[in-house]
Amino acid sequence: MQDNTIYPVHPVWGTALAVFEGEPVWPQLGGAPDDDDDGPEIDLENPGSGAPAGGGQRDFLDDEPDDDDEPDEAPQDAKPGDKSKPVKETDKPERTAEDWQRLETAMQKERELRKKREGQIAEMRKERKAAETSGDTDEAERIRKAEEAAASRYKPVAVRAAAKAALLEANFQNPTEERVKKLIRRLDLDEIDVDEDGDITGLQDQIDQLVDDFPELFTAPVRASEPTKPTRPTKVTAANKPPVKQEPTRTADRIVAKIHASGQR
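Its first residue numbered 1, the sequence shown is counted upward by one per residue in the UniProt record's numbering.
Misleading hints may appear alongside valid ones.
[Unchecked claim] Subject to a maximum C-alpha distance of 30 Å in a straight line, what follows is the list of computed DSS-like cross-link-like pairs (lysine-lysine):
#: 1; residue 1: Lys116; residue 2: Lys155
#: 2; residue 1: Lys182; residue 2: Lys126
#: 3; residue 1: Lys155; residue 2: Lys129
#: 4; residue 1: Lys129; residue 2: Lys181
#: 5; residue 1: Lys116; residue 2: Lys181
#: 6; residue 1: Lys182; residue 2: Lys129
#: 7; residue 1: Lys182; residue 2: Lys109
#: 8; residue 1: Lys145; residue 2: Lys126
#: 9; residue 1: Lys145; residue 2: Lys116
#: 10; residue 1: Lys116; residue 2: Lys182
#: 11; residue 1: Lys181; residue 2: Lys155
#: 12; residue 1: Lys129; residue 2: Lys145
#: 13; residue 1: Lys126; residue 2: Lys115
#: 14; residue 1: Lys109; residue 2: Lys145
#: 15; residue 1: Lys182; residue 2: Lys155
#: 16; residue 1: Lys126; residue 2: Lys181
#: 17; residue 1: Lys116; residue 2: Lys126
#: 18; residue 1: Lys116; residue 2: Lys129
#: 19; residue 1: Lys126; residue 2: Lys109
[To be verified] Taking CB as the label site, the calculated pair distances span:
#: 20; residue 1: Thr137; residue 2: Thr176; range: 39 to 45 Å
#: 21; residue 1: Arg144; residue 2: Gly119; range: 14 to 20 Å
#: 22; residue 1: Gln108; residue 2: Asp138; range: 39 to 45 Å
Hints are computed from structural coordinates only; laboratory data are not their basis. From a predicted model like this one, the values you see are computed outputs, not experimental measurements. Glycine included, every Cβ here is placed at the ideal spot set by N, Cα and C.
Let's have the full structure, built from the sequences with the hints guiding it.
Set out below in structure tokens:
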């Protein structure tokens, strides 16, 4: 199978392996020019004046320098899991319709990104199999390398998009774009995988850990003068035990199901 496509040539890395999303994929991994480190544009700006939630109260994310070279360590007064410091804050706010709309928009963009990636990888896979069938091993190897380069380039973009949506689902307070980026930098991307179907594994566990370590970032703490009283759980018997529902396995599907369930109440 003869490939007559003319690919751009880089003065250092040589001929591009393929063209992905309108940009050349160079032999050196991550060598594509103008790589958008922020991924797809997702509107996470807090509605209103943009002031920090809770009447102007700040936390360590607001004071943390926005520099990738700086260590991502919380200040001494914002230790993970530290709930002893009294604060003047109202109870956890209810989600508004605008909050749910913002979350649904973020999830829709993640689904669009997943669908686009699946289509591109499927097309490359089809071309590679055709080359293998025709006996053109050189062309098959070139396409295989292009597949790997495209997949590695897609992973951080997909993870950031999914992480933004997951943080919103966890009720991350004052989710400005800058604060979201700082919190995402605390994730260990090496422990997060994207399989051939575009499913992301290992992300939700890290989001749950962030919620446990920094609860003040996800829920407005209760006032010190108004301690929360524990409620006695309702006893479940065989007569009133609800049927077990099959939960969605994908992060995106699970969040969308939660959105629809909220709208039906």
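Consistency of the hints with the structure:
For the hint pairing Lys116 with Lys155, the CA-to-CA distance comes to about 13 Å; that is within 30 Å, so the pair holds. A hinted pair counts as satisfied when its Cα atoms are at most 30 Å apart, and Lys182 with Lys126 does not qualify at roughly 39 Å. For the suggested pair Lys155 and Lys129, the alpha carbons sit about 23 Å apart, so the restraint of at most 30 Å is met. Taken as a hint, the Lys129 and Lys181 pair is broken in the structure, with Cα atoms around 39 Å apart against an allowance of 30 Å.
For the proposed pair Lys116 and Lys181, the alpha carbon gap of about 23 Å is at most 30 Å, so the pair holds. Simply put, Lys182 and Lys129 have alpha-carbon atoms about 42 Å apart, too far for the 30 Å limit, and the pair is violated. The straight-line distance between the Cα atoms of Lys182 and Lys109 is roughly 21 Å, inside the 30 Å bound, and the hint therefore holds. Note on Lys145 and Lys126: the hinted pairing holds, with a Cα-Cα distance of about 14 Å set against a maximum of 30 Å.
Under the criterion of a C-alpha separation no larger than 30 Å, the hint pairing Lys145 with Lys116 is consistent with the structure, at around 19 Å. Restraint check for Lys116 and Lys182: satisfied, since their Cα atoms lie roughly 27 Å apart, inside the 30 Å limit. Between Lys181 and Lys155, the direct Cα distance comes to roughly 16 Å. Compliance with the 30 Å bound is thereby established for this hinted pair. Distance check on the hinted pair: Lys129 and Lys145 sit about 13 Å apart at the alpha-carbon level, within 30 Å; holds.
Proposed proximity of Lys126 and Lys115 is supported: the alpha carbons are some 16 Å apart, at most 30 Å. Using a Cα cut-off of 30 Å, the hinted pair Lys109 and Lys145 holds, with the two alpha carbons roughly 27 Å apart. Of the pairs offered as hints, the one joining Lys182 and Lys155 holds, with about 19 Å between alpha carbons and a cut-off of 30 Å not exceeded. Distance check on the hinted pair: Lys126 and Lys181 sit about 36 Å apart at the alpha-carbon level, beyond 30 Å; violated.
Distance restraint check for Lys116 and Lys126: the Cα-Cα separation of roughly 16 Å lies within the 30 Å cut-off, and the hinted pair is therefore satisfied. Restraint check for Lys116 and Lys129: the C-alpha separation of about 20 Å stays at or below 30 Å, so the hint holds. Restraint check: the Cα-Cα separation between Lys126 and Lys109 comes to about 26 Å, which is no more than 30 Å; the hinted pair holds. Between Thr137 and Thr176, the C-beta spacing of about 51 Å breaks the proposed range 39 to 45 Å.
For Arg144 paired with Gly119, a C-beta distance near 18 Å keeps the hint of 14 to 20 Å intact. Taking the beta carbon of each, Gln108 and Asp138 are about 41 Å apart, inside 39 to 45 Å as hinted.
Comparing the model with each numbered hint stated earlier shows that hints 2, 4, 6, 16, 20 do not hold.
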